Amino acid sequence: MAEINRRERKKIFSQKAIVESAVKLFAQKGYQETTVADIMSEADLGIGTFYNYFQSKEDILKHLLFQIIVETNDKFEELQKESRLAGETLREMFLFTAEILDSKRFVLPLFLSAAHKGGFKEHSMEPSKDMSETERPASMPKKMTFKHIFDQIIKAGQASGEFRQDIPAEIITEMFHSVFQAASFSSIQISFLANIRYKLILIMDGIILKK
1 MAEINRRERK KIFSQKAIVE SAVKLFAQKG YQETTVADIM SEADLGIGTF
51 YNYFQSKEDI LKHLLFQIIV ETNDKFEELQ KESRLAGETL REMFLFTAEI
101 LDSKRFVLPL FLSAAHKGGF KEHSMEPSKD MSETERPASM PKKMTFKHIF
151 DQIIKAGQAS GEFRQDIPAE IITEMFHSVF QAASFSSIQI SFLANIRYKL
201 ILIMDGIILK K
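Under UniProt numbering, the first residue of the sequence shown is numbered 1, with each subsequent residue one higher.
Calculated directly from the structure, the hints in this document are not laboratory data.
Keep in mind that a hint or two might mislead.
Stated by the list, open to error - Below 25 Å or equal to it, Euclidean Cα-Cα: the simulated DSS-like pairs (lysine-lysine) are:
(1) K143 - K155
(2) K10 - K57
(3) K16 - K143
(4) K11 - K104
(5) K155 - K104
(6) K57 - K81
(7) K81 - K10
(8) K210 - K143
(9) K75 - K143
(10) K199 - K104
(11) K24 - K81
(12) K10 - K75
(13) K11 - K24
Note that the coordinates shown come from a computational prediction; the quantities given were computed from them, not determined experimentally.
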């Protein structure tokens with residue numbers, strides 16, 4: 001049993017080193033310019049070890065995107081326990097997601113692509129082929145995507161009379177999602193997060209019913 005535990009610890013350490021090295025290099029050099037050899041050199045591990053955990057660089061992005069899905073689900077569950085208006089929950093979830101994406105901008109293209117295609121299928125949400133049981137949440141297939149979370153919040157706001165009901169929730173969710181794409185390609189000389197916040201004000205003013 002002790003030997004198994006040591007093996008598991010080594011696997012967790014190696015995978016963590018690979019992911020952290022990839023994140024560092026993606027941020028410094030860019031995703032396209034970073035090679036598997038670069039990542040493994042930074043992690044101080046042999047190149048062959050990479051393929052024990054990931055099949056490609058894109059697999060690391062999927063792993064990171066899954067982590068974002070887990071973090072947003074955890075945040076949503078935390079907010080649901082509080083007595084909040086739907087608008088407050090929507091703002092906090094949107095800014096929370098924006099801050100994560102701002103810190104991992106290299107994941108943004110995959111984030112946008114996944115949402116455009118309707119989100120990952122259950123099998124493609126697997127972050128790596130050799131994730132240890134201690135890292136694999138039992139409820140992983142039940143994790144909601146960004147769109148599912150926002151649909152739920154918006155529909156709750158519409159049902160309570162807080163949000164306007166003449167526009168389908170799915171359309172409003174698409175607007176929120178498109179903000180990330182618009183901000184990432186913006187030529188305006190302000191930060192990604194500042195751009196996001198200005199656009200958030202416009203959308204919220206448009207969906208909250210005036211009383």
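Against the structure shown, which of the earlier numbered hints fail to hold, in ascending order?
-> Hints 5, 6, 7, 8, 11, 12 not satisfied by this model.
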